[in-house]
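> Single-letter residue listing:
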Amino acid sequence: MFLFALLIAFKLINIQFVEGDVYRDLAAQDATKNVVIPANRGNLYADDGSLLASSVTKYDIRFDTQTVTKKDFDENLVPLSQGLSTLFGKPSSYYQNLMRTARSNKNRYLLIAKKLGYSDYIKVKNMPLFKKGSNRGGLIVIPTTVREHPMGKIAERLVGNQDRNTPGLYAVGLEGAYHTQLSGKEGRRLKQKISKGRWKPVYDENEIEPQDGYDVISTININMQDIAHHALLKQLEEYQADHGSVIVMEVATGEIKAVANLGKSRSGGYYERLNYAVGESSEPGSTFKTIAMTVALEHKVLDTATLVDTQRGKVRMYGRTISDSKRGGYGEISAATALEVSSNIGFARMIDGAYKDDPKKFTDQIKKWKLDQKIGILILGEGAPVVPEVGDPLWSKNALPSISYGYNLKMTPLQILTFYNAIANNGTMVRPRFVKEIRSWNKQIEVYGTQVIIDQIASQTTIGKMQEMLKNIVVRGTGKSLYSKNFSMAGKTGTARIDYADLDSWLKDKKYVSSFAGYFPADQPKYSCIVVIHKPSADKGYYGADVTGPVFKRIAQKIYTDSPLKAEIAAKDLLDVATQRDFDGYYQYTQQDTATMPNVKGMPAMDAISLLENLGLVVQLKGNGKVQRQSLTMGTKIKQGQEIILNLS
Amino acid sequence: MIGSSHTADKKVHRIARLSNEAKELKSEYLDVRKQLTQAKMESKLTAVMSKTGLQTSTIPPQKIIITKKQ
Numbered sequence: 001m002f003l004f005a006l007l008i009a010f011k012l013i014n015i016q017f018v019e020g021d022v023y024r025d026l027a028a029q030d031a032t033k034n035v036v037i038p039a040n041r042g043n044l045y046a047d048d049g050s051l052l053a054s055s056v057t058k059y060d061i062r063f064d065t066q067t068v069t070k071k072d073f074d075e076n077l078v079p080l081s082q083g084l085s086t087l088f089g090k091p092s093s094y095y096q097n098l099m100r101t102a103r104s105n106k107n108r109y110l111l112i113a114k115k116l117g118y119s120d121y122i123k124v125k126n127m128p129l130f131k132k133g134s135n136r137g138g139l140i141v142i143p144t145t146v147r148e149h150p151m152g153k154i155a156e157r158l159v160g161n162q163d164r165n166t167p168g169l170y171a172v173g174l175e176g177a178y179h180t181q182l183s184g185k186e187g188r189r190l191k192q193k194i195s196k197g198r199w200k201p202v203y204d205e206n207e208i209e210p211q212d213g214y215d216v217i218s219t220i221n222i223n224m225q226d227i228a229h230h231a232l233l234k235q236l237e238e239y240q241a242d243h244g245s246v247i248v249m250e251v252a253t254g255e256i257k258a259v260a261n262l263g264k265s266r267s268g269g270y271y272e273r274l275n276y277a278v279g280e281s282s283e284p285g286s287t288f289k290t291i292a293m294t295v296a297l298e299h300k301v302l303d304t305a306t307l308v309d310t311q312r313g314k315v316r317m318y319g320r321t322i323s324d325s326k327r328g329g330y331g332e333i334s335a336a337t338a339l340e341v342s343s344n345i346g347f348a349r350m351i352d353g354a355y356k357d358d359p360k361k362f363t364d365q366i367k368k369w370k371l372d373q374k375i376g377i378l379i380l381g382e383g384a385p386v387v388p389e390v391g392d393p394l395w396s397k398n399a400l401p402s403i404s405y406g407y408n409l410k411m412t413p414l415q416i417l418t419f420y421n422a423i424a425n426n427g428t429m430v431r432p433r434f435v436k437e438i439r440s441w442n443k444q445i446e447v448y449g450t451q452v453i454i455d456q457i458a459s460q461t462t463i464g465k466m467q468e469m470l471k472n473i474v475v476r477g478t479g480k481s482l483y484s485k486n487f488s489m490a491g492k493t494g495t496a497r498i499d500y501a502d503l504d505s506w507l508k509d510k511k512y513v514s515s516f517a518g519y520f521p522a523d524q525p526k527y528s529c530i531v532v533i534h535k536p537s538a539d540k541g542y543y544g545a546d547v548t549g550p551v552f553k554r555i556a557q558k559i560y561t562d563s564p565l566k567a568e569i570a571a572k573d574l575l576d577v578a579t580q581r582d583f584d585g586y587y588q589y590t591q592q593d594t595a596t597m598p599n600v601k602g603m604p605a606m607d608a609i610s611l612l613e614n615l616g617l618v619v620q621l622k623g624n625g626k627v628q629r630q631s632l633t634m635g636t637k638i639k640q641g642q643e644i645i646l647n648l649s
Numbered sequence: 650m651i652g653s654s655h656t657a658d659k660k661v662h663r664i665a666r667l668s669n670e671a672k673e674l675k676s677e678y679l680d681v682r683k684q685l686t687q688a689k690m691e692s693k694l695t696a697v698m699s700k701t702g703l704q705t706s707t708i709p710p711q712k713i714i715i716t717k718k719q
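Residue numbers (our numbering), protein chains in the order written: chain P, 1 to 649; chain Z, 650 to 719.
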């Protein structure tokens, strides 16, 4: 007996003193913990305050099949399955089977639906059985925070999202570029365990207060984005192209108003696949001729009227054949015409003629305009341009003529657009920009203004000539199929071969990049825009004017039809006597007593409706024009909601 | 002491309930907002209205401004 007492005493001492520290720590760990208080991620807005991305709670619905009584289960299984079936589209029998099997398998955690929005969640919550709650109804709701994009799939690449495999990692798009500002700072706080599995703070103050993320207001305009997206989609589908992108930029400020990037999926549909507009650096083709022409005009090595012989559409230079798209060639044409008809031979001969002794002078000008450098936007993955110069491995005798019409160098659509925008902006090159400001609630944290890259890329004379030529391209050049008498556009078409290293295989399956860069309206431009479509099906067409031009035109047209035409007139006496009489007469009617039916015969239908509806009647019209007959006679007492039929003539 | 600890506990439960409610309300707000954003997009409207024969205008609206009145 004494031995037992001794053993107990020994164990006590052992626990208290020898292992004591370990247990005391464990106890403390169980009852208190240092919790991280997550900061709310900021919202991403469009230029008008529409939401592009925001964090929101979504609900996973699971079902505990065991907590429900047999009676409840049998009674509610069919109506519940029907409810789920109408909401989610699967047959009612599917849900009946699913839940029956789960119940016999004693499943206490059956998945019913994932990531439901709030309104769907409420619908599920109010379904038969589930409305009995968690204990009797078996409903288990698991809320999770996800990033919601109210625009849906539109502008998905530009907005960006968290990494699919690493929640919380934002690398791409605007989400990635402004991650630091959006994410805020998480807080920390010591908490103690209380009942119902909740934790209460140990101290009054948070040890570290969480700081919510800032809101980022982008320059994207959802209307333009919508138009750009659907116009691009339509052309991609029509031409069965591989992928394409559109950028719309505000001329004066450099604000990017829309960026659409669509690529073909394996199943043949199109979706926002990669940010081609920013990331894809490729040979620009003929849209580069505008840049080459600006260099030459600025150096005064030629003028718009300088003649060049493009011969019969095929010319050999340094052992390589250059050809024009028109059979038989353009013959002798002016430099301006060479740009308007987009003659490769014209450009190769003009630029080679002017710069063959000093090609560096030509490439240096391009470098002076910083077209050999990345623009330096914050979004991850901006493609690097490639502009070779004398001495580079890429340089050869052929390099200069090739560059003149857009080969043997690489640029991204955004970089080309920046140059066209500078021409539209009378020579001032501004940096394309995606974000307007950063806010914390209603406090401005940072405002981004227009950033000028180069004050004046060329003289006003040169810019004026360029603007004139770009305008004429749409009036009578390669873009004339786009011409509209209602609204003006200026721009340059481009059709470049791609993947042509192996000529034989290229000839079997001709691959092109079709593009259109320009601005609108032609005078006092408001927006510049570039459309690039890669690998349209060559059987259907590949010329810039056919493939990409319509996208450009659609956006230009949209902006034109959205801005009202203003006409100012100095009016003397606008009042028509008859109208005035009707107007006064109507006023008298409205002053009459409201309990009886007035006489509306002879009154225009529009007046009669407003008058009668104000009296509480429900009006039905038959025919057009003025009231001929009224189904309630004058002086009848009116009941609210009563129906009246008016026959019009 | 025990009493005040209980009031504190109660407050914690209340805060938890209210913040859940706030989350649900935000969720509802965004849900409705998403529906609105999607519904008012021109491409959606055009698709819906094309059934009734309505199309988007090809000419801009005219705004007549009367500058002088007698």
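Mixed in with the good hints there might be a few duds.
Claimed, not checked - Below, computed lysine to any residue pairings styled on SDA-like, alpha-carbon distance capped at 20 Å:
no., chain 1, residue 1, chain 2, residue 2
1, P, Lys-566, Z, Lys-672
2, P, Lys-191, Z, His-655
3, P, Lys-485, P, Glu-468
4, P, Lys-125, Z, Glu-670
5, P, Lys-566, Z, Ile-715
6, P, Lys-123, Z, Glu-677
7, P, Lys-480, P, Asp-546
8, Z, Lys-675, P, Asp-212
9, P, Lys-191, Z, Glu-691
10, P, Lys-125, Z, Lys-675
11, Z, Lys-689, P, Pro-167
12, P, Lys-33, P, Arg-147
13, Z, Lys-672, P, Arg-147
14, P, Lys-566, Z, Arg-663
15, Z, Lys-672, P, Asp-546
16, P, Lys-511, P, Ser-281
17, P, Lys-193, Z, Lys-659
18, P, Lys-115, Z, Lys-675
19, P, Lys-191, Z, Thr-656
20, P, Lys-485, Z, Leu-674
21, P, Lys-410, P, Asn-426
22, Z, Lys-675, P, Lys-410
23, Z, Lys-675, P, Ser-183
24, Z, Lys-672, P, Asp-372
25, P, Lys-123, Z, Arg-663
26, P, Lys-191, P, Ala-27
27, Z, Lys-712, P, Ala-27
28, P, Lys-360, P, Val-386
29, P, Lys-558, Z, Arg-663
30, P, Lys-33, Z, Ile-664
31, Z, Lys-689, P, Asp-47
32, P, Lys-125, P, Glu-186
33, P, Lys-200, Z, Thr-695
Source of the hints: derived by calculation from the structure; they are not laboratory data. Treat the numbers as computed from the prediction; the structure is a model and nothing was measured.
> Each hint: holds or not?
Now the hints, each set against the structure:
1. Of the pairs offered as hints, the one joining P:Lys-566 and Z:Lys-672 is violated, with about 47 Å between alpha carbons and a cut-off of 20 Å exceeded.
2. Distance hint between P:Lys-191 and Z:His-655 is fulfilled; the C-alpha atoms sit about 15 Å from each other, no more than 20 Å.
3. Restraint check for P:Lys-485 and P:Glu-468: the C-alpha separation of about 17 Å stays at or below 20 Å, so the hint holds.
4. For the hint linking P:Lys-125 to Z:Glu-670, the alpha-carbon distance of about 15 Å falls within 20 Å, and the restraint holds.
5. Proximity of P:Lys-566 to Z:Ile-715 is assessed by CA-CA distance (about 10 Å); at most 20 Å being required, the pair is judged to hold.
6. Proximity of P:Lys-123 to Z:Glu-677 is assessed by CA-CA distance (about 12 Å); at most 20 Å being required, the pair is judged to hold.
7. For the given pair, P:Lys-480 sits about 10 Å from P:Asp-546 by alpha-carbon distance, which is consistent with the 20 Å threshold.
8. Simply put, Z:Lys-675 and P:Asp-212 have alpha-carbon atoms about 15 Å apart, close enough for the 20 Å limit, and the pair holds.
9. Distance hint between P:Lys-191 and Z:Glu-691 is unfulfilled; the C-alpha atoms sit about 51 Å from each other, more than 20 Å.
10. For a cut-off of 20 Å, the pair hint linking P:Lys-125 to Z:Lys-675 stands: about 18 Å separates their Cα positions.
11. In summary, the hint linking Z:Lys-689 to P:Pro-167 is not supported, as the alpha carbons are separated by about 31 Å, beyond the 20 Å threshold.
12. For the hint pairing P:Lys-33 with P:Arg-147, the CA-to-CA distance comes to about 28 Å; that exceeds 20 Å, so the pair is violated.
13. For the hint linking Z:Lys-672 to P:Arg-147, the alpha-carbon distance of about 14 Å falls within 20 Å, and the restraint holds.
14. Restraint check for P:Lys-566 and Z:Arg-663: not satisfied, since their Cα atoms lie roughly 58 Å apart, outside the 20 Å limit.
15. For the suggested pair Z:Lys-672 and P:Asp-546, the alpha carbons sit about 50 Å apart, so the restraint of at most 20 Å is broken.
16. Proximity of P:Lys-511 to P:Ser-281 is assessed by CA-CA distance (about 16 Å); at most 20 Å being required, the pair is judged to hold.
17. The suggested pairing of P:Lys-193 with Z:Lys-659 holds, with an alpha-carbon distance near 13 Å, which does not exceed 20 Å.
18. Restraint check for P:Lys-115 and Z:Lys-675: satisfied, since their Cα atoms lie roughly 15 Å apart, inside the 20 Å limit.
19. A distance of roughly 16 Å separates the Cα atoms of P:Lys-191 and Z:Thr-656; the hinted pair therefore holds under the 20 Å criterion.
20. Restraint check for P:Lys-485 and Z:Leu-674: the C-alpha separation of about 51 Å exceeds 20 Å, so the hint is violated.
21. Note on P:Lys-410 and P:Asn-426: the hinted pairing is violated, with a Cα-Cα distance of about 25 Å set against a maximum of 20 Å.
22. Proposed proximity of Z:Lys-675 and P:Lys-410 is contradicted: the alpha carbons are some 46 Å apart, above 20 Å.
23. A hinted pair counts as satisfied when its Cα atoms are at most 20 Å apart, and Z:Lys-675 with P:Ser-183 qualifies at roughly 18 Å.
24. Distance restraint check for Z:Lys-672 and P:Asp-372: the Cα-Cα separation of roughly 49 Å exceeds the 20 Å cut-off, and the hinted pair is therefore not satisfied.
25. At roughly 25 Å between alpha-carbon atoms, P:Lys-123 and Z:Arg-663 are farther apart than 20 Å, so this suggested pair is violated.
26. Distance restraint check for P:Lys-191 and P:Ala-27: the Cα-Cα separation of roughly 14 Å lies within the 20 Å cut-off, and the hinted pair is therefore satisfied.
27. Between Z:Lys-712 and P:Ala-27, the direct Cα distance comes to roughly 77 Å. Violation of the 20 Å bound is thereby established for this hinted pair.
28. With a CA separation close to 15 Å, the supplied pair P:Lys-360 and P:Val-386 stays within the 20 Å bound.
29. The hinted pair formed by P:Lys-558 and Z:Arg-663 fails the criterion: a straight-line CA distance of about 52 Å is larger than 20 Å.
30. Our distance criterion of 20 Å between C-alpha atoms is met by P:Lys-33 and Z:Ile-664, whose separation comes to about 19 Å.
31. A C-alpha spacing of about 16 Å is found between Z:Lys-689 and P:Asp-47, which places the hinted pair at or below 20 Å, so the restraint holds.
32. Simply put, P:Lys-125 and P:Glu-186 have alpha-carbon atoms about 32 Å apart, too far for the 20 Å limit, and the pair is violated.
33. At roughly 54 Å between alpha-carbon atoms, P:Lys-200 and Z:Thr-695 are farther apart than 20 Å, so this suggested pair is violated.
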